[in-house]
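Use the sequences and the hints to build the structure in full.
Given next are the chains, with one letter for each unit.
Protein chains: 8
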Amino acid sequence: MTGFVHDSERPARLGMPEAIFCGGKDDATIEAIVAELAQGDAPTLFTRLPAARLAALSASAQAALSHDASSATATLGGTLPARAGRVAVVTAGTSDLAVAHEALATLRFSGVEAEVIADVGVAGIHRLFARIDHIRSFDIVIVVAGWDAALASVMGGLVGQPVIAVPSSTGYGVAAGGMSALHSMLSSCGQGVLVTNIDNGFGAACGAIRMLNMTHRIAP
Amino acid sequence: MTGFVHDSERPARLGMPEAIFCGGKDDATIEAIVAELAQGDAPTLFTRLPAARLAALSASAQAALSHDASSATATLGGTLPARAGRVAVVTAGTSDLAVAHEALATLRFSGVEAEVIADVGVAGIHRLFARIDHIRSFDIVIVVAGWDAALASVMGGLVGQPVIAVPSSTGYGVAAGGMSALHSMLSSCGQGVLVTNIDNGFGAACGAIRMLNMTHRIAP
Amino acid sequence: MTGFVHDSERPARLGMPEAIFCGGKDDATIEAIVAELAQGDAPTLFTRLPAARLAALSASAQAALSHDASSATATLGGTLPARAGRVAVVTAGTSDLAVAHEALATLRFSGVEAEVIADVGVAGIHRLFARIDHIRSFDIVIVVAGWDAALASVMGGLVGQPVIAVPSSTGYGVAAGGMSALHSMLSSCGQGVLVTNIDNGFGAACGAIRMLNMTHRIAP
Amino acid sequence: MTGFVHDSERPARLGMPEAIFCGGKDDATIEAIVAELAQGDAPTLFTRLPAARLAALSASAQAALSHDASSATATLGGTLPARAGRVAVVTAGTSDLAVAHEALATLRFSGVEAEVIADVGVAGIHRLFARIDHIRSFDIVIVVAGWDAALASVMGGLVGQPVIAVPSSTGYGVAAGGMSALHSMLSSCGQGVLVTNIDNGFGAACGAIRMLNMTHRIAP
Amino acid sequence: MTGFVHDSERPARLGMPEAIFCGGKDDATIEAIVAELAQGDAPTLFTRLPAARLAALSASAQAALSHDASSATATLGGTLPARAGRVAVVTAGTSDLAVAHEALATLRFSGVEAEVIADVGVAGIHRLFARIDHIRSFDIVIVVAGWDAALASVMGGLVGQPVIAVPSSTGYGVAAGGMSALHSMLSSCGQGVLVTNIDNGFGAACGAIRMLNMTHRIAP
Amino acid sequence: MTGFVHDSERPARLGMPEAIFCGGKDDATIEAIVAELAQGDAPTLFTRLPAARLAALSASAQAALSHDASSATATLGGTLPARAGRVAVVTAGTSDLAVAHEALATLRFSGVEAEVIADVGVAGIHRLFARIDHIRSFDIVIVVAGWDAALASVMGGLVGQPVIAVPSSTGYGVAAGGMSALHSMLSSCGQGVLVTNIDNGFGAACGAIRMLNMTHRIAP
Amino acid sequence: MTGFVHDSERPARLGMPEAIFCGGKDDATIEAIVAELAQGDAPTLFTRLPAARLAALSASAQAALSHDASSATATLGGTLPARAGRVAVVTAGTSDLAVAHEALATLRFSGVEAEVIADVGVAGIHRLFARIDHIRSFDIVIVVAGWDAALASVMGGLVGQPVIAVPSSTGYGVAAGGMSALHSMLSSCGQGVLVTNIDNGFGAACGAIRMLNMTHRIAP
Amino acid sequence: MTGFVHDSERPARLGMPEAIFCGGKDDATIEAIVAELAQGDAPTLFTRLPAARLAALSASAQAALSHDASSATATLGGTLPARAGRVAVVTAGTSDLAVAHEALATLRFSGVEAEVIADVGVAGIHRLFARIDHIRSFDIVIVVAGWDAALASVMGGLVGQPVIAVPSSTGYGVAAGGMSALHSMLSSCGQGVLVTNIDNGFGAACGAIRMLNMTHRIAP
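Residue numbers (numbering that gives the first Met the number 0), protein chains in the order written: chain E, 0 to 219; chain W, 0 to 219; chain D, 0 to 219; chain B, 0 to 219; chain C, 0 to 219; chain F, 0 to 219; chain G, 0 to 219; chain R, 0 to 219.
Hint data in this document are derived by calculation from the structure and do not stem from the laboratory.
Heads up, some of the hints might be wrong.
Far from chain E, some chain W residues (derived; all Cβ distances over 10 Å) [to be verified]:
id	residue
1	49
2	133
3	209
4	216
Derived DEER-like restraints, expressed as beta-carbon distance ranges [claimed, not checked]:
id	chain 1	residue 1	chain 2	residue 2	range
5	F	22	B	25	44 to 50 Å
6	F	125	B	22	39 to 45 Å
7	W	57	C	216	53 to 59 Å
8	B	125	G	59	26 to 32 Å
9	F	22	W	50	55 to 61 Å
10	D	27	F	57	25 to 31 Å
11	C	77	R	80	41 to 47 Å
12	R	135	F	51	17 to 23 Å
13	W	37	B	11	39 to 45 Å
14	W	25	B	125	33 to 39 Å
15	C	82	R	39	41 to 47 Å
16	G	59	C	61	38 to 44 Å
17	G	77	D	35	30 to 36 Å
Every residue, glycine too, gets a C-beta built ideally from N, C-alpha and C.
Right, here's the structure in full:
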């Protein structure tokens, strides 16, 4: 008995994806959840499931899941229908890619078009300017950055779209664990930059989905 | 010489309001900025300008400003044109009203319809349920809460719209200064709850404005 | 020589269980304590003794202990006599089960009826309401939650019984290690919610036992 | 308009006192709440209302309130009926008395017999032993202590009743603000010592009331 | 007796200015130091001496000091001889000016040409680019910034000269006190950005002076 | 080349033991230091050298060292001459023994008589009182405790000799790493309790040796 | 009723001074304690009693107290008898003098000869070397320092006597409040440097007195 | 696709070395970067690449890199041309050597003459004085120290050249992770001591290179 209580009406009730966070769960619990969900047909996303943990599951569980190593996610029962809206996931460095891919996988699972634009940190700001027009073509911008996280502030001054800032835990010394990036993003001089927990690519994607949920309410 | 560099094209460039944060500026600097801006006609918002500080300005500066004591804001040159979208600003307690009013004033200055719904904290959750249908009628929900900030998480599970969480610095002991509320909101179990700095009602409103900036891009 | 000083009169003196915390002790020390206690007949609880550590003990020590893997506890010399009072151990998520089981095992060792009610976190608050009448049938409610720990506050507003809040160390980013949950619980808007150290299921159970110790003093 | 939403059914629903925390509210808000409540007859407790703030209220508000300076509390509409159970409020030093008096006032408002036993800190442990038999005559023990808060741990080993530990913000250096006392109490070696937020005498009393709420459920 | 021990050979020994930090000293101590130093002719800088504190000194002390209100500094005995090297002191906002002026005053006292370039924060990065060529004309760049301090990182990527980053304590919430800016600067992605204590404009200037001390050692 | 600079005159200059902290040094560095010191005859103490690290050294290095596993120390060249003074090393729990043994080994290496008195924590204060007369027979008392570290305060009130408090890193939750114990000891209500870094049994012993260095200066 | 419990046997029992910490006590409490103690003849020290607070007491209380403004202490009933031992109280800067004077006043009240040696911080280390022989003539060295507190470590390497390190709260930025100095002192490379709470000059003096209590036990 | 964007013009644009931080990158990313850069001839430095990680790369990647185990760095495409200026890298202990070697390797890669001077910590300050004349012969002094980091302050008072302070993460208890050393260095009483992130030997070297970039601008 896992104690797991499935919230299968979440997509209908909130317009949000049903997702299972595997981070604090042991193998037996994940195994049981996969078995239970595999009996239905509700598309479900599994996050924080790296390849090493997938390999510890049974063959039937592995068969039920469609796994993506770069984001440490898996889907079960396919994905949600395509919907309007395009999201850019921009990273300051290559070390931020794992978090960016979690956001990307969540968006794609949820039917939202998304693209990762990597390694445009402000230490060489010409790299950002070379791509800023492309970034402006998206409806929402997710910025993933560790260390000083200065990219979030600069981005906030360059685009008028929503900017969702995700601090990443890359870095050492005072930057270790992402607290420096988190505080920098919360203190951003860029107006209206909104922030998630450290490394929370999934949450950033969900924040973007909430925004897309809302657009149909407002006449253009 | 104040060193102040006006960014008068911000509204046109980003679709964001031009605003002056008075928090760290001395009276002479604010006086000079008001004098300079009063020569033009660009609508400008002044934040963190409580009545006591307003009273220290010259008569001409006071005349140029339209002040609102409950939010400690003032406007100069009128407000921005009305635009589509309605925002609910929900508070857990009456102590959160100052922060909520800063968000409200920023939204109204920016031409966005907004309403404060106060004192629906989860310690008596029936108070929230009595108002949840009204809250769901808005396009975006800003939640202001101090202490445990549990309202943000509960709200995240009750609505599918964007939820912008603003930790407030009300509270004492471990809640003093708002760090407890901030961390609770960043750790929210509600999917996609996005967070601002502590007491940052202005930033929450700007985050909402960015979302409204984006809606016209997406065909309904 | 382990330096261990047994407090065998604790049950008689305080009405509290005699327990050995294995967390900071090396294998030789635990081995010696088991050997010493096995010569008497006082029921003793061992906590923080996961299966891997049990396996490192001698065959005779393993034989003397009755081990429960889910709570990482063991008993020696049986359990204490049954006593009045029923305790609910409620968790926000499945990741909190290890801590909940430590509370459960401590209560059962101490002769108190207890039950775990899992995965009723507030992100989907209908799950909690579906079980709240059952929870209200208990005399004391222990709430185990990590992340934002909002369940403790909501529970405090829904029941009039004692609510003992146990922050769990599940979570990442600012929630890592349980400090976010701890501070949220200490800041709870629910009146009179009392808190233990992070992951301290044992302490929560002992707090409940102290309450049951007291009931016979008060005429109904 | 204060936004204040009165929870007048709290005593009936939860068996807990209705209380207004004045800490984060401005004078006008308190004034309005007093005026509203004075029209009914529900006994209500006001906390964190020092004499200086009371003096700022209108004559009619002052007349409606029965104020106690030592605890910075006031009552309106009398107190709740007497009920079974006696609570000791023990302090380590004289500097902890304000917090202890908040607990005392809350208990007495709620109809519970209570007594403050002051200045029995462990630096001169003979002072504690001289009073321990008297302390043991109570049903519940609230311990208020700042600095190292060692009294909570010692008390936990001397009595079998519930021990509710309230860290106080007395102290300087690393003890300033009460974090040292809080962490010491949460780390207590005394089994089942339960903890409130810093300086939260009100919360400790409410925790005790929850325990007394529960006693009638259990046959002696 | 002040206990003050004058280090009058510091300029000769280290090539550094002799300076008196007034922050933690009471009026009597400052008075005594001024009196003692006024008997000699060694140029001395007094820092953290705001106008209000100056006014508390005797007329003779005030006469001996040449005070600058914007930097809260004063000089006694004139300034040091002019020397080669030009330093830019760049600020992100107008709130950083007090710290920038402390650096400016220290440099000018030490005979170094310096200029403040204010309000070029990255939230409107076009303001920085409009001035970057002028900034590049200096030998050393001091960057003063609070909040996210992103300007330090961007500057580090735009110039090859020494960049000395001074976190300022402007800001609220997580930015309060300057810790967010400090950590952001220490984590800077800009190579070789060096950092001082929060608000330490004096220290930044001294760091620049050490660099100028060294240039004559190296053949061009 | 290790860069190691031996301070062979330390015993003569300060009356303190020469000691090598192995914690941050790699195997090659320790090997080289042992080889260099083995050529002389100065008694030297090696700390933080657990058995596993000893085993990684060469046979000749192992032969030169006299190792004690319980304290993770080793000596080379024998010990220092016996001297007057007796030190008690008292622990709150058995988990504190490793730190206590480091103090014990340092004292014995330095020629000072010492004894460990274990497991007298205040949760069962009768255990302490049973041994207090024996403890009072020593000249100096070192107290090692983790968690709430309440033993240090209680001891400070029971003896008039020097009390050196060593916080240990045993514990979990807020007690993890020893910060809770450290702050409790620094905040001790016991007059004149002096504190070392966390787990610093060596430093506590050195503090005691400095006291014994001083006694001969004072006529009895 | 103050709740104050006098520990009049402390000097006889422990050889330590009886002292009243006025920091957290209100005027009425101090007044009552002075009145009570003035009826006996036990010498008592009052600490943290600045001139401004003294002035708030009654004329009779002021008459009973012998006050020293520089240390914010007062004595009642004279001082304790002279005893053997000399203590140096060394400060890094003039800002540390208030803390040093508290140590000095406590020692002199307790009959111990003591002297303050001020402003020998290591930024100009020649100042320290000019006085080191004089410092070595004392039996115990108390070091008071804020900021980096480097003086404690340097002193630990220059003398073999006990070194008691008192972090002071002078400083700004990361040094504000004394945590930087505290951690530096706890991390001292000087062997056996023992530490008190921040600004605890009284505690340092008491630690020295405990050492002097012990010297008569050891034959020279 | 690594997302890596090469900044090949950095040396020409800024006069700074092109460097790849390997810390947060996985093996495949490093492999791809090496392959890409090996096709050109721009000298590039790889940092945080310990021998164990090098061994995981392909034979061709290993062949392209010139690795130095003591600094965990590698170079590709040779080094930059020799330039004027000499830098001393001074360490407090042998445990700081890894960080010192990272600075050394960066300087040598960049064509700057540099030398490590190890183990001159202030606990035995005669070791420092024995080498101070040699240290003064360099143009810039980098100080690497953990624990109390007192060496940085002492050095700041002994030389007039630039002092770049690098806190190292050696140490345990409050010194663990280097925060104690960082705060001590930022609080340094030595004028104009500039600080890098913890363990950032690379950043210290880059700071020195910026200084050398500037010297040619200033006529001697």
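Each hint, compared with the structure:
| no. | hint | in the structure |
| --- | --- | --- |
| 1 | 49 | 21 Å, holds |
| 2 | 133 | 15 Å, holds |
| 3 | 209 | 4 Å, violated |
| 4 | 216 | 5 Å, violated |
| 5 | 22(F) / 25(B): 44 to 50 Å | 55 Å, violated |
| 6 | 125(F) / 22(B): 39 to 45 Å | 42 Å, holds |
| 7 | 57(W) / 216(C): 53 to 59 Å | 54 Å, holds |
| 8 | 125(B) / 59(G): 26 to 32 Å | 31 Å, holds |
| 9 | 22(F) / 50(W): 55 to 61 Å | 58 Å, holds |
| 10 | 27(D) / 57(F): 25 to 31 Å | 28 Å, holds |
| 11 | 77(C) / 80(R): 41 to 47 Å | 44 Å, holds |
| 12 | 135(R) / 51(F): 17 to 23 Å | 43 Å, violated |
| 13 | 37(W) / 11(B): 39 to 45 Å | 58 Å, violated |
| 14 | 25(W) / 125(B): 33 to 39 Å | 58 Å, violated |
| 15 | 82(C) / 39(R): 41 to 47 Å | 43 Å, holds |
| 16 | 59(G) / 61(C): 38 to 44 Å | 42 Å, holds |
| 17 | 77(G) / 35(D): 30 to 36 Å | 56 Å, violated |
When held up to the earlier numbered hints, the structure conflicts with 3, 4, 5, 12, 13, 14 and 17 and fits the remainder.
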